[in-house]
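S.K.: The primary structure of each chain is shown beneath.
Number of protein chains: 2
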Amino acid sequence: MDDRSDDHDIEVEGGIHAYERKISGILDDGSVGFQQPLLARNRKNTTSQIAIVGANTCPIESLDYEYVFVFPNFTFLLFWKTETINEIRLLGRVAFCRVIYFQAFFAFAGCNLVLATAAASLCAFIAPAAAGSGIPEVKAYLNGIDAYSILAPSTLFVKIFGSIFGVAAGFVVGKEGPMVHTGACIANLLGQGGSRKYKLTWKWLRFFKNDRDRRDLITCGAAAGVAAAFRAPVGGVLFALEEAASWWRSALLWRTFFTTAVVAVVLRTLIELCRSGKCGLFGKGGLIMFDVNSGPVLYSTPDLLAVVFLGVVGGVLGSLYNYLVDIVLRTYALINERGPGFKVMLVMAVSILSSCCAFGLPWISQCTPCPIGSEGKCPSVGRSGIYKSFQCPPNHYNDLSSLLLNTNDDAIRSLFTSRSENEFQISTLAMFFVFVYCLGIITYGIAIPSGLFIPVILAGASYGRLVGRLLGPVSQLDVGLFSLLGAASFLGGTMRMTVSLCVILLELTNNLLMLPLVMLVLLISKTVADCFNKGVYDQIVTMKGLPYMEDHAEPYMRNLVAKDVVAGPLLSFSRVEKVGVIWQALKMTSHNGFPVIDEPPFTEASELCGIALRSHLLVLLQGKRFSKQKTTFGSQILRSCKARDFAKAGLGKGLKIDDLVISDEEMEMYVDLHPITNTSPYTVLETLSLAKAAILFRQLGLRHLCVVPKTPGRPPIVGILTRHDFMPEHVLGLYPHIDPLK
Amino acid sequence: MDDRSDDHDIEVEGGIHAYERKISGILDDGSVGFQQPLLARNRKNTTSQIAIVGANTCPIESLDYEYVFVFPNFTFLLFWKTETINEIRLLGRVAFCRVIYFQAFFAFAGCNLVLATAAASLCAFIAPAAAGSGIPEVKAYLNGIDAYSILAPSTLFVKIFGSIFGVAAGFVVGKEGPMVHTGACIANLLGQGGSRKYKLTWKWLRFFKNDRDRRDLITCGAAAGVAAAFRAPVGGVLFALEEAASWWRSALLWRTFFTTAVVAVVLRTLIELCRSGKCGLFGKGGLIMFDVNSGPVLYSTPDLLAVVFLGVVGGVLGSLYNYLVDIVLRTYALINERGPGFKVMLVMAVSILSSCCAFGLPWISQCTPCPIGSEGKCPSVGRSGIYKSFQCPPNHYNDLSSLLLNTNDDAIRSLFTSRSENEFQISTLAMFFVFVYCLGIITYGIAIPSGLFIPVILAGASYGRLVGRLLGPVSQLDVGLFSLLGAASFLGGTMRMTVSLCVILLELTNNLLMLPLVMLVLLISKTVADCFNKGVYDQIVTMKGLPYMEDHAEPYMRNLVAKDVVAGPLLSFSRVEKVGVIWQALKMTSHNGFPVIDEPPFTEASELCGIALRSHLLVLLQGKRFSKQKTTFGSQILRSCKARDFAKAGLGKGLKIDDLVISDEEMEMYVDLHPITNTSPYTVLETLSLAKAAILFRQLGLRHLCVVPKTPGRPPIVGILTRHDFMPEHVLGLYPHIDPLK
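Residue numbers (the UniProt record's numbering), protein chains in the order written: chain A, 1 to 742; chain B, 1 to 742.
The following block holds chain A by itself, in its conformation from the complex (with noise of 0.2 Å):
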């Protein structure tokens, strides 16, 4: 019995003392093995980029209706600083490389490390929660699981200038991810009201004080971020609809894309303001990206079968991204955990690996003579421009350090392009390709703000424009659509998304007509992908051991029914409790709800009367509402509350009960619990399939539901089961003998 009320436990706000036990209790046991979740292996849950930071199941509830003012999101501000930080370091190391080249080296790798080493002490000492995508983190939160300090506002900080810095020292790393995180972290600053901590309040905020509004904001705050990033505010909305949104509903369509109305409106305005080149390369490409617009696209059956082709390699290689993306973080997990002097310097030496690939490998190429009527722009040495002049003698240029040597964006832009077919080699492209690849799942455990959709594009952009390359006899569609199918296919085969990737890819290049060949590519790809493993985002939020809910019930549930999964002993209140118990109960466990019970003299047999939260009795502890009689008093202590008393808190701001002093003799007084008590809580007969509890569970958002007898004469509340008891580890854990996959 010990075990599963522990698993209640976890559920506390600060229960460490109970986690821990839970851990050391699973590392005793020896039986870890490295296919579990990092639950389990990680010790300092805090301190571990990629480890559970807190599994404090956020009470998403079914509560009231209140209108959300919609805000707009200026997270696209970060993109503007990563570009001009970005570009003053290449602009240095392009200066430098003309001198001596050795020199070069040293100032480039240099550069790279002192913001890299930046990136990491920011993350290690300050806020390990800001360390990579932070989509999975996201995603979970609007599921219901709020874990540990994940939307605080120092994570923010950290976000933002640790992506400056990481994506300015030259990492193979997007910053869209981090945008999304960023994102919902401003969203969430809303939603509490502001940061107490760090004297950043608005009265007004206090409106969105409950869950439901906290949620859809920061769904908006991710919509937001995907936006600003791409510059495509439809496929933001996609994106928060499709990826990050659990729960979904007409307002909150309408929401998000008010969302990204306004930042499309505000991007614009500020590309329009920079059009004068001030803002170094901000807003280069404009609304559009990577501007593609080719002409009519023709294609016959050969070039068909290519494009399945693609597919299908795209979606092995994706899947194959996913998997060794896996295996790298649950190794850096054993550095990472050892404190964050090992989590910098694992993040150095990934730099300084980073910087030798990038200097060493264009040596490897040949110089390509300059294509005619291309004076002036080859070969160039200035920040921008695809002809990189590198070690090659005048009028010749090195391709594949035009690629490495660039920043991301421009990277993409020359490989999408389809201006000349022979301005990247074949073994160009493939060397590029196998950097790209390599050193991106690499970099992704490290500990920086780190995206993963600017790697993947580039590994699929270099691979579809390798792929166009070799198969050139057969097929006549363009490299630089080979090259965007190919990127279609890589995004499909690790995120597993159809239709946002379909509209922010249509979005970034503006070629509407490719839109068949990219369906066509995503559905294959992410076909093939999925006989492998799960979506990588899915993927990393299993290995946190986060307890996500899926919106589907797990074939095995079917067998069981609710009290099959109910932990016990269960404890209750009555409706009018002595103080001295709810005070032992409190301190003891660290349930969040408790049932209370109406019993004689109140009624004429035992009730269920509803559910208390455990913010709330701290609450009505601490007001002192007390009564040295039994008796109903519960109007007077409505009277004497405010309701702001009882709204939620910022995360990690509520009450604890060790905050409380109570006298000995007020233990002995007694409480009234109906003014607090949710008297109409959502309830399953214990005879209801498992599986039909999950769903309703899932369907509605609940945080605890109870479930009563079936039979008279007994008591008049069973359990309540939260989101642990529907985990496929804690169900299969009580019944090791089911089957899971019946």
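Some hints could be false.
Identical chains blur together in the list; that is why a pair holds if it fits in one copy or across any two.
Said to hold, decoys possible - The calculated DSS-like cross-link candidates involving lysine-lysine, where the alpha carbons are at most 27 Å apart (straight line), are:
#1 K630 / K710
#2 K710 / K578
#3 K563 / K692
Keep in mind the hints are simulated off the structure, nothing from the lab. In this text the structure is predicted, and so the values were computed from the model without any measurement.
Following the hints, put chain B in place on chain A, whose structure we already have.
M.R.: Only chain B this time, still in chain A's reference frame:
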């Protein structure tokens, strides 16, 4: 009590008696105002196209999870045929135009009248359900309301040919709504395993014979319809998501995406085949129907103000459109309910009016000199071309006739173009706007399949171009862009969609740079119009009296609890029940679900066993698996039954109680209901807030919700909630003193 149990009666398949009793009850009351749903107005509910056509609640329940094989949908064939016949008619008409004006008019009007009569006769005599847009019915079906014959094969047939004749007859109607309905009908035909009546059955389709898969298929069909109509695959997915579907899950997103991808590829192939022009107008414009891709769009503050103005006025006009459509529909209902003959006459009258306007109005318009450099194209007498000669002297053209005497697609295309600013005079645009706006409203209610998209886009585009011409001195924006924004504002004002309209317009026009402006206009016009009334489809659903469940609970429901609205008296069966009792209950009531109670001696006390469905009870009675003793023999029954006996029959194909022949001796025997009882029904406590019960009912897509008592010592079930119990009419009928807004 009688009134309340009647509410359950509506649920029956074929419960016409109870239904008419209810209707006449309302009529006798004399209190039916103009604002009542038509449910109360129409006695002959199967003949009027806009009457309620039955309110047979579809049992969309949470069933087991099986995979759907997705299917390609060939709705685009309709598209092709419409274009072809339309073209034939235009050929005849234009040839006549050159001879004598009266003769030409009679040929034109006669041709229209014949086509209109054909469409109306099909609709009035064969399938009245095929009239109108069809989108509201599909939307209601996906919400769980299975209206009579709305997806039957006869409806499909009439929808296809009626739509072809209707569009060809020169009415201001679109083919988009009918194509969505066609897609849904085809999907339904596949979903019920073909049609036995028309000897079209496939064995492998029996896997779809459950509600969940059929619902998914019909969603895919609706998406395919939009994808084929607008050649907008992504727009189709989003339309299905935003407007049609009530429940959504990621697997469905992926299936609709697959369906529309197949539609896109097939369309692309057919357009490629038709490149030589041998398919008439089909394929004109390629995959992007109205390609208005024009250089970079620049706009300043006055332009933005002009766009805001356009959006606000568009929203007001859009909601006025909805209001007028509502009034016209209610007026026509009075005519249509008199019989099919009156319906046809109404259609003929509207057809003559349309012909007169289309032929008469251009005479008012002045002739315009042909623009320089348009030799050979201007003036034209051919079937397409935007410079129609009409009555004008050589080298002049009549711009109003270019809009009126053309296909709808060509008219939209010429309104969207920016080629020459002065192509259309202000007076022309104003006349065309009034013509389309008024005739669109007058035409919608008549007995032909008629879509709303095209009239709204036409009216919006002419309105936008008119505003653009008027604001010419203030704004630098192109009038073609104004026209597009005007169309967006009208669409937003009438249909109230956001993301899907945005993507559809994007895919129609291939102008990604307009995206921020289109989003802005859609948001403004939707917000403005929402202040006045509901979207046009929601309005039609309400007017037809279909019990549509909104995805949020009404405010006043928070003040009620579940038992407040439960209808009584409750009829329940014992686990082993006498055949006569069951037969009696099925005969006397029209309930669709009956609670089954476990009683002594089989259990210690009365317990809720589950719910048995009427259709399953009928199958059980027909099988005559009876016993003389009152004992449990469920396992014997299970052995002798096959699962497919209980598969869901096609619409209206199920067993009726009158089909059963049961002897008096058998009536005294017993039957064990356990094998057919759903022993795991969803339950709520009687004290659960009605708002929460409504959310549960809606989110899980239930058909029956059991209400169980809270206090011990009472029968184990209080009642059953169905869709009708949550309808505002029912709740406010029971509690007239409640303020519906609180």
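S.K.: Can you tell me if K630 and K710 fall within 27 Å by alpha carbon in one copy, between copies, both or neither?
M.R.: Result: close only across copies, 24 Å inter versus 31 Å intra.
S.K.: Reference check for the pair K563 and K692, CA-CA at most 27 Å: within, between, both, or neither?
M.R.: both (13 Å within a copy, 23 Å between copies)
S.K.: From the Cα coordinates, with 27 Å as the cut-off, is the pair K710 and K578 best called within, between, both, or neither?
M.R.: Close across copies (25 Å), not inside one copy (30 Å); limit 27 Å.
Hint check: no violations occur; every hint is consistent with the structure.
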